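Engineer: Here is what each chain is made of, one letter per residue.
2 protein chains.
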Amino acid sequence: MKSRVRIAGLGTALPARVVASSQIEQELGLPDGWCERTTGVRERRRAISETTLSMAADAANAAIQAAGNVPSIDLIIGASSAPQQAIPCTAALLQRALGLENGRSFCLDVNATCLSFLVAVDLAAKWISSGASQSALIFSSETTRQSLNPAESESFSLIGDGAAAAVLVAAGSSESELVYAQWATHSSGADLTQFLGAGTLHHPNDPATTAEMNLFSMQGRSIFRVAARELPPFLDTFFGSSGWQRSDVDVVIPHQASRIGLELLTARCGFREEQVFSNLATRGNCVAASIPLALSEAVAAGRVQRGDRVLLLGTGAGFSMGALALTY
Amino acid sequence: MKSRVRIAGLGTALPARVVASSQIEQELGLPDGWCERTTGVRERRRAISETTLSMAADAANAAIQAAGNVPSIDLIIGASSAPQQAIPCTAALLQRALGLENGRSFCLDVNATCLSFLVAVDLAAKWISSGASQSALIFSSETTRQSLNPAESESFSLIGDGAAAAVLVAAGSSESELVYAQWATHSSGADLTQFLGAGTLHHPNDPATTAEMNLFSMQGRSIFRVAARELPPFLDTFFGSSGWQRSDVDVVIPHQASRIGLELLTARCGFREEQVFSNLATRGNCVAASIPLALSEAVAAGRVQRGDRVLLLGTGAGFSMGALALTY
Numbered sequence: 281m282k283s284r285v286r287i288a289g290l291g292t293a294l295p296a297r298v299v300a301s302s303q304i305e306q307e308l309g310l311p312d313g314w315c316e317r318t319t320g321v322r323e324r325r326r327a328i329s330e331t332t333l334s335m336a337a338d339a340a341n342a343a344i345q346a347a348g349n350v351p352s353i354d355l356i357i358g359a360s361s362a363p364q365q366a367i368p369c370t371a372a373l374l375q376r377a378l379g380l381e382n383g384r385s386f387c388l389d390v391n392a393t394c395l396s397f398l399v400a401v402d403l404a405a406k407w408i409s410s411g412a413s414q415s416a417l418i419f420s421s422e423t424t425r426q427s428l429n430p431a432e433s434e435s436f437s438l439i440g441d442g443a444a445a446a447v448l449v450a451a452g453s454s455e456s457e458l459v460y461a462q463w464a465t466h467s468s469g470a471d472l473t474q475f476l477g478a479g480t481l482h483h484p485n486d487p488a489t490t491a492e493m494n495l496f497s498m499q500g501r502s503i504f505r506v507a508a509r510e511l512p513p514f515l516d517t518f519f520g521s522s523g524w525q526r527s528d529v530d531v532v533i534p535h536q537a538s539r540i541g542l543e544l545l546t547a548r549c550g551f552r553e554e555q556v557f558s559n560l561a562t563r564g565n566c567v568a569a570s571i572p573l574a575l576s577e578a579v580a581a582g583r584v585q586r587g588d589r590v591l592l593l594g595t596g597a598g599f600s601m602g603a604l605a606l607t608y
Numbered sequence: 281m282k283s284r285v286r287i288a289g290l291g292t293a294l295p296a297r298v299v300a301s302s303q304i305e306q307e308l309g310l311p312d313g314w315c316e317r318t319t320g321v322r323e324r325r326r327a328i329s330e331t332t333l334s335m336a337a338d339a340a341n342a343a344i345q346a347a348g349n350v351p352s353i354d355l356i357i358g359a360s361s362a363p364q365q366a367i368p369c370t371a372a373l374l375q376r377a378l379g380l381e382n383g384r385s386f387c388l389d390v391n392a393t394c395l396s397f398l399v400a401v402d403l404a405a406k407w408i409s410s411g412a413s414q415s416a417l418i419f420s421s422e423t424t425r426q427s428l429n430p431a432e433s434e435s436f437s438l439i440g441d442g443a444a445a446a447v448l449v450a451a452g453s454s455e456s457e458l459v460y461a462q463w464a465t466h467s468s469g470a471d472l473t474q475f476l477g478a479g480t481l482h483h484p485n486d487p488a489t490t491a492e493m494n495l496f497s498m499q500g501r502s503i504f505r506v507a508a509r510e511l512p513p514f515l516d517t518f519f520g521s522s523g524w525q526r527s528d529v530d531v532v533i534p535h536q537a538s539r540i541g542l543e544l545l546t547a548r549c550g551f552r553e554e555q556v557f558s559n560l561a562t563r564g565n566c567v568a569a570s571i572p573l574a575l576s577e578a579v580a581a582g583r584v585q586r587g588d589r590v591l592l593l594g595t596g597a598g599f600s601m602g603a604l605a606l607t608y
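From first to last, the protein sequence lines are chains A and B. Take the first sequence: its position 38, counted from the start at 1, is 318 in this note's numbering, and no numbers get skipped. Take the second sequence: its position 273, counted from the start at 1, is 553 in this note's numbering, and no numbers get skipped.
Possibly wrong hints are sitting among the right ones.
No more than 25 angstroms apart at the CA atoms, straight line, and that leaves these computed lysine to any residue pairs for SDA-like [unchecked claim]:
1) B:Lys282 / A:Ser352
2) B:Lys282 / B:Thr562
3) B:Lys282 / A:Arg284
4) A:Lys282 / B:Ser410
5) B:Lys282 / A:Asp354
6) B:Lys282 / A:Arg583
7) B:Lys282 / A:Ser415
8) A:Lys282 / A:Arg583
9) A:Lys282 / B:Ala412
10) A:Lys282 / B:Met281
11) B:Lys282 / A:Ala412
12) A:Lys282 / B:Gly383
13) A:Lys282 / B:Gly411
14) A:Lys282 / B:Asp354
15) A:Lys282 / B:Ser415
16) A:Lys282 / B:Glu457
17) B:Lys282 / A:Gln555
18) A:Lys282 / A:Arg505
19) B:Lys282 / A:Gln414
20) A:Lys282 / B:Lys282
21) A:Lys282 / B:Asp588
22) A:Lys282 / A:Gln555
23) B:Lys282 / A:Val459
24) B:Lys282 / A:Gly411
25) A:Lys282 / B:Gly452
26) A:Lys282 / B:Tyr460
To list a few chain B residues with every Cβ distance to chain A over 12 angstroms, as calculated [to be verified]:
27) Arg317
28) Ala342
29) Ala547
30) Gly582
Source of the hints: derived by calculation from the structure; they are not laboratory data. Note that this is a predicted model, so its numbers are computed, not measured. Think of the CB as a built atom: it goes at the ideal place given N, C-alpha and C, for glycine as much as any other residue.
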């Protein structure tokens, strides 16, 4: 199941506006220190003038530049939890925004909420391995300001905005590869993370659709309970099948789900603290952009180097889990 | 690039309500016969009580039953132009609606508008070929009533509702296979088919979002011009690379884009009329469900038989094109 692919370049884009937890505490009338204590987030970005597409374009341009001399991109996968607009897919809008040649690439979006980027990497790797594609651009861009519910203090303070992109190519003579991927959805938890609107059931034009339906909703404590129960056996299976041991992993890049979500990895999943990378304190949970943003920052900081064994790991709405082992 | 996969079962679901073109002509004050003359659609279904998810479940159950004794489903791909709700993905909601076991399958949605089903088949085939999956359930379900704009007579009368699903498995000893797939997006046509709302740019709760932004919009004549220009060379390349000649194709199952869209296939793309299957007159353009619904009806009618060489072919918002050659 190995795919001989390489992440040739990574790029990020962050909104200019930094929102400190103290600001949110003031805004929502929360006690001093509540946000960081509860969610682990000290500050996060909020897109004011930036859009999903503008940040995607900035991150994609940076990734393309970092990738250097690679085959021209023939596959563009949008992997955000929300699109720029319902039709066409955000990937098509990005092809145009980047000025990429008409007809030279194919554009689609995937949606697995917080796991979208991971899924897109796995799909693109299979696409490249099969010979159908030479070079794929994958991007996640999240602008959540209008989707956050001030009445839900936890998600309101937890979630941050940002974008990240990656260029994926055949590994060539490098040692890079996608070693193993594993996925599972436990739909008994489908209601734990939801956005009821913006679809056909509660159509934006339906007078019965309430403003609250058009907001993100997250039952943090229940999600944590499901993750605490399901993630350890999921990882046992993963390490039983991937050919890797936990100790083989140089760096775990987890979805920055929440403070307690990250603590699970060391408390119950058998990783050592020094294996786990986190940017939660300064970025918050950037939904689908969380994992690629953390990976990009880990690479920029030298925490992930070529040849390192990296585990990308996340949970998301669904309730879904995904783990992807790669030699960077 | 061949994938040794087989469509083991197909299923469909249609809303109960049939809307005749004469009804639409009365409703919109159009001349008698305008709808069928313009779009080629005599009648179409409209979901009233059915939802995206309920029709998806009906189609999926039918496909699973038709597939018979196959490995249990471990991948569910939602492939509709619009989700049931924004989060989680419709595939996760379907896992729960079908009562499929928690954790046994992974759920994601893909969005390439009218080409979503085709893309999902290609992705699932690669997933199965790589050994990552044994059996994939793919579904497209469209309920468009609240998204149609009565001021846009053409799309209002062209588009119909419906759902279709397929179970994809490894080909085993059968002769079935996915022979070749080709994709391209020409984003200079990104504005030709759009739904501006239901995303982050024109958020449902944004007071600046107008009701019209939450409606489907299609510049039929311009799309036809782009398709007439781009589809013939796209198919020339396809037949230059796929190992098939046009005359090898037993049945072309096109996206039922429109009357003039279908006429392109014989007028400019080199197919004979008897090769092309159409259900446009009774189903309309069912967006992403159009191709799998047409394929299902062609199989049910005996027009497509095991071992037949089938070309699935479509255009969609983006502007995108896709062609997928398979031995059924």
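Engineer: Decide if the proposed pair is consistent with the structure: A:Lys282 and B:Met281, CA atoms, cutoff 25 angstroms inclusive.
Structural biologist: It holds: about 17 angstroms lies between the C-alpha atoms, which stays within 25 angstroms.
Engineer: Run the distance test for A:Lys282 versus B:Ser415: straight-line Cα separation, threshold 25 angstroms.
Structural biologist: Given that 25 angstroms is the threshold and the Cα spacing comes to 19 angstroms, the pair holds.
Engineer: For the pair supplied as a hint, A:Lys282 and B:Tyr460, is the alpha-carbon distance within the 25 angstroms limit?
Structural biologist: Given that 25 angstroms is the threshold and the Cα spacing comes to 22 angstroms, the pair holds.
Engineer: Given the hint that A:Lys282 pairs with A:Gln555, does the C-alpha gap stay at or below 25 angstroms?
Structural biologist: holds (23 angstroms)
Engineer: Taking 25 angstroms as the top limit, are the C-alpha atoms of B:Lys282 and A:Arg583 close enough?
Structural biologist: violated (39 angstroms)
Engineer: Hint check: B:Lys282 vs A:Ser415, CA-CA at most 25 angstroms. Holds or violated?
Structural biologist: holds (19 angstroms)
Engineer: Going straight from one Cα to the other, do B:Lys282 and B:Thr562 come out at no more than 25 angstroms?
Structural biologist: Status violated; Cα separation ~34 angstroms.
Engineer: Hinted pair, alpha-carbon criterion (25 angstroms max): A:Lys282, B:Gly452. Please report holds or violated.
Structural biologist: holds (22 angstroms)
Engineer: Looking at B:Arg317 again, its CB stays over 12 angstroms from all of chain A?
Structural biologist: Label holds. Min Cβ-Cβ 26 angstroms, cutoff 12 angstroms.
Engineer: Holds or violated: B:Lys282 and A:Gly411, Cα atoms, limit 25 angstroms.
Structural biologist: holds (10 angstroms)
Engineer: Could you grab the alpha-carbon distance between B:Lys282 and A:Gln555 and see if it respects the 25 angstroms cut-off?
Structural biologist: violated (40 angstroms)
Engineer: Are the Cα atoms of A:Lys282 and B:Ala412 separated by 25 angstroms or less?
Structural biologist: holds (10 angstroms)
Violated hints, listed in ascending order, are 2, 6, 17, 18, 21; each of the other numbered hints is respected by the structure.
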